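Colleague: Residue numbers (our numbering), protein chains in the order written: chain A, 1 to 326; chain B, 1 to 385.
No lab work stands behind these hints: they were computed from the structure.
Treat the hints with caution; some may be incorrect.
In silico BS3-like links for lysine-lysine, alpha-carbon gap of 27 Å or less [said to hold, decoys possible]: (1) B:Lys268 <-> B:Lys292; (2) B:Lys32 <-> A:Lys128; (3) A:Lys112 <-> B:Lys292; (4) A:Lys128 <-> A:Lys275; (5) A:Lys304 <-> B:Lys295; (6) A:Lys107 <-> B:Lys295; (7) A:Lys107 <-> B:Lys268; (8) A:Lys256 <-> A:Lys128; (9) B:Lys137 <-> B:Lys32; (10) B:Lys130 <-> B:Lys295; (11) B:Lys268 <-> B:Lys295; (12) A:Lys128 <-> A:Lys107; (13) A:Lys105 <-> A:Lys115; (14) A:Lys105 <-> B:Lys295; (15) B:Lys268 <-> A:Lys105; (16) B:Lys130 <-> B:Lys292; (17) B:Lys292 <-> A:Lys105; (18) A:Lys128 <-> A:Lys105; (19) A:Lys275 <-> A:Lys256; (20) A:Lys304 <-> B:Lys268; (21) B:Lys292 <-> A:Lys107; (22) B:Lys292 <-> A:Lys304.
A few chain A residues that don't get close to chain B, going by computed Cβ distances all over 12 Å [stated by the list, open to error]: (23) Val119; (24) Glu149; (25) Ala297; (26) Arg315; (27) Leu318.
Since the structure is predicted, the reported quantities are computational estimates derived from the model, not experimental observations.
Using N, Cα and C, we set each Cβ at its ideal position, and we do this for glycine too.
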Amino acid sequence: MASLFSTVLLITGGVEFLTDRAMRRALAQIRDEDPEVAVSDVEAASVGAGELTALTSPSLFSSHSAVVVRGIEGLDPTAADELLSYAAAPAADVALVLTHGGGQKGKGVLDKLRKLAAVQEVTSTAPKPWEVSRWVATEVRQLGASISEEGAGYLVSAVGHDLRSLAAAADQLVDAATGADGSRAPISLDLVRQYFGGRAEVKGFDIADAAIDGHTALALEQLRWALNNNVAPVLITSAFASGLRSLARYGVASSKGLREAELAREVGAPPFRLKRLRAQLRGWDSTGISVAIGAVARADLDVKGAADPEYALERMVLTVTGARTE
Amino acid sequence: MTVWDDLVGQDSVVEILRTAVASAQERLAGGKGAAMTHAWLFTGPPGSGRSNAARAFAAALQCLDGGCGECQTCRTTLAGAHPDVSLVSTDGLSIDVAEVREQVRLAALRPGSGRWQVVVVEDADRLTEKAADALLKSLEEPPPRTVWMLCAPTAEDVIVTIRSRSRQVVLRTPPVAAVAQMLTAREQVAPDLALQAARAAQGHVGRARALATKEAVRERRRAVLAIPGSLTSVGACLDAAATITQTASAQADEVAERLEDSERDALKMEFGVEDRGRRPAGYAGRLATLEKDQKRRRTRIARDSIDGVLIDLLSYYRDVLATQTAPGAELVNADVADGVRRLADAGSPEQTLVRIEAILGCREALEANAAPQLALEHLLLTLRH
Ligand SMILES: [Zn+2]
């Protein structure tokens, strides 16, 4: 990568974790270029008049300096003007890194910055819900390993959509898949299960899957396990709601002759779920789905009210499994 | 023209308030003025014009002509800009004790105009318990020129100690004909459209005005009323539920985008934050409170939006029931009578009653904090035919 000195790096997109990471990577590169670099790091909203000019002036104590300004949408107009005039002619021994928190605020300054020759922009956008497991696969690949599609999908349903947690999980899995001699096996579904199988959300979705599959005893056992482990009842009802919603949407969409990726988008579920949904759909018709959704809606209210959550959720599981056609 | 012109179909209320205004004049002249009192409670269904009635009353008290509607005093009061009339309303879910204490302090000041110091609390049903207690003190020992005007849907919505110290003014649901007439006279709406809008709004004056004057609002209502006829499959039900929830959050976002930045800027201005990078004491706390209020407002707007949809659906199924049980009855949604008839023919009154119960149940569930999309999915699957 070209030197970051005498340039202005603009990090946009507003996904906090990705913005942070891009910024940390930029700083690491800057420190690689000059380990002695003097770094100052300020919140744009607290930058007063004249401060930016002072920060970007040559340092007395080191030959290079780096300035990080976080959240440039918070700059007041005077400081924004100073920023623009500096960015039009940046100093050779200064690296300036800017972050923008996303949204419409500060768009005027962004647009003006983008027109300047010295400004390089790095944009990070959050993956769409159905792209998250592919995002995980890319993450793993960048760490020099690979993960099976099912493994990535399972990880997403276990850890959720928080990118910071997913990146940390990917890191941990790559470590686990690396042998003593440095060789790396592909990360399998089993390995992911081994590491992330006990997580709360897995249980919510596992219980919903078991109930939708018609495995009453298994669903009840998992339900008790989850409640004993302090899984919040609303996580369980929302897992049921989302499982039934996907199932119903799959039922509608599967008859349209769509390709897999389109089908996944239409259903709002990751591609690896489709096979499972196809199998699940065999036990269900539209009346059953209506009854089941009704039971979940009732349980949602019950657990938020004064009812005993265990009883409310057991009744929900029994009503859902009983609503199947077979 | 007078300040009372905007109170559509509320003749008896206007009568009471006029008498009070005359009494108030008497009192200013040193007389007894028995029909005037220092605390008023305006109740009536949403849209009946509670806060408009209170504002008109405030204007009439301040106006030298008893509410001419044309002088500077009348106009500034109606516009919410009169220095001796403060308006307390909330976009959040509640009015807190700090706000009420401030109003109690203001209410005790001598009116600058030498007439009355008026405080209109537009959402008295949203006073927190502590806030109501703070208000009670001022109601118990009223300063001589202070007038409190509290507005709430019903008297039961305010605590009994406040209720018992206030004179109640009950607004009724204005008749369709009166609303339609107002729309034609004031908004120059064609009589047909005015009548249709007044009927569809079921006595909610603001909603009638919006329906009569804004095509986008009519478009939304048409889309909502098309839902019952479209619920022929599970997929259609889930789609409609998703659309309703998405529209609700889009409306909340729209308001957020319009207001939140400028509210934050106003706070910055108040603390002089713009000039220097320094943060004055107290700013962080106020900013946190503001952000919490903004979040609550977004939730409330989304909730109100969904409730508006449910009210329209309710009126639609009531029309279906009327068509099934009392042929020839006047329909609220006469403009979509064909769709109403199709549903009426396709089912029995018993089925329609089950559906109406389901809508009422859904409103209650949302009131009890149910997950909105799930509650709507359940409802629409129940409405399916
Ligand atoms: Zn006047």
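Colleague: Give a verdict on every hint.
Modeller: We went through each hint and held it up to the structure:
{"no.": "1", "hint": "B:Lys268 <-> B:Lys292", "verdict": "16 Å, holds"}
{"no.": "2", "hint": "B:Lys32 <-> A:Lys128", "verdict": "71 Å, violated"}
{"no.": "3", "hint": "A:Lys112 <-> B:Lys292", "verdict": "33 Å, violated"}
{"no.": "4", "hint": "A:Lys128 <-> A:Lys275", "verdict": "21 Å, holds"}
{"no.": "5", "hint": "A:Lys304 <-> B:Lys295", "verdict": "21 Å, holds"}
{"no.": "6", "hint": "A:Lys107 <-> B:Lys295", "verdict": "23 Å, holds"}
{"no.": "7", "hint": "A:Lys107 <-> B:Lys268", "verdict": "20 Å, holds"}
{"no.": "8", "hint": "A:Lys256 <-> A:Lys128", "verdict": "23 Å, holds"}
{"no.": "9", "hint": "B:Lys137 <-> B:Lys32", "verdict": "24 Å, holds"}
{"no.": "10", "hint": "B:Lys130 <-> B:Lys295", "verdict": "22 Å, holds"}
{"no.": "11", "hint": "B:Lys268 <-> B:Lys295", "verdict": "19 Å, holds"}
{"no.": "12", "hint": "A:Lys128 <-> A:Lys107", "verdict": "23 Å, holds"}
{"no.": "13", "hint": "A:Lys105 <-> A:Lys115", "verdict": "18 Å, holds"}
{"no.": "14", "hint": "A:Lys105 <-> B:Lys295", "verdict": "18 Å, holds"}
{"no.": "15", "hint": "B:Lys268 <-> A:Lys105", "verdict": "15 Å, holds"}
{"no.": "16", "hint": "B:Lys130 <-> B:Lys292", "verdict": "19 Å, holds"}
{"no.": "17", "hint": "B:Lys292 <-> A:Lys105", "verdict": "19 Å, holds"}
{"no.": "18", "hint": "A:Lys128 <-> A:Lys105", "verdict": "23 Å, holds"}
{"no.": "19", "hint": "A:Lys275 <-> A:Lys256", "verdict": "16 Å, holds"}
{"no.": "20", "hint": "A:Lys304 <-> B:Lys268", "verdict": "39 Å, violated"}
{"no.": "21", "hint": "B:Lys292 <-> A:Lys107", "verdict": "25 Å, holds"}
{"no.": "22", "hint": "B:Lys292 <-> A:Lys304", "verdict": "22 Å, holds"}
{"no.": "23", "hint": "Val119", "verdict": "24 Å, holds"}
{"no.": "24", "hint": "Glu149", "verdict": "27 Å, holds"}
{"no.": "25", "hint": "Ala297", "verdict": "4 Å, violated"}
{"no.": "26", "hint": "Arg315", "verdict": "15 Å, holds"}
{"no.": "27", "hint": "Leu318", "verdict": "18 Å, holds"}
Violated hints for the displayed structure, listed by number in ascending order: 2, 3, 20 and 25.
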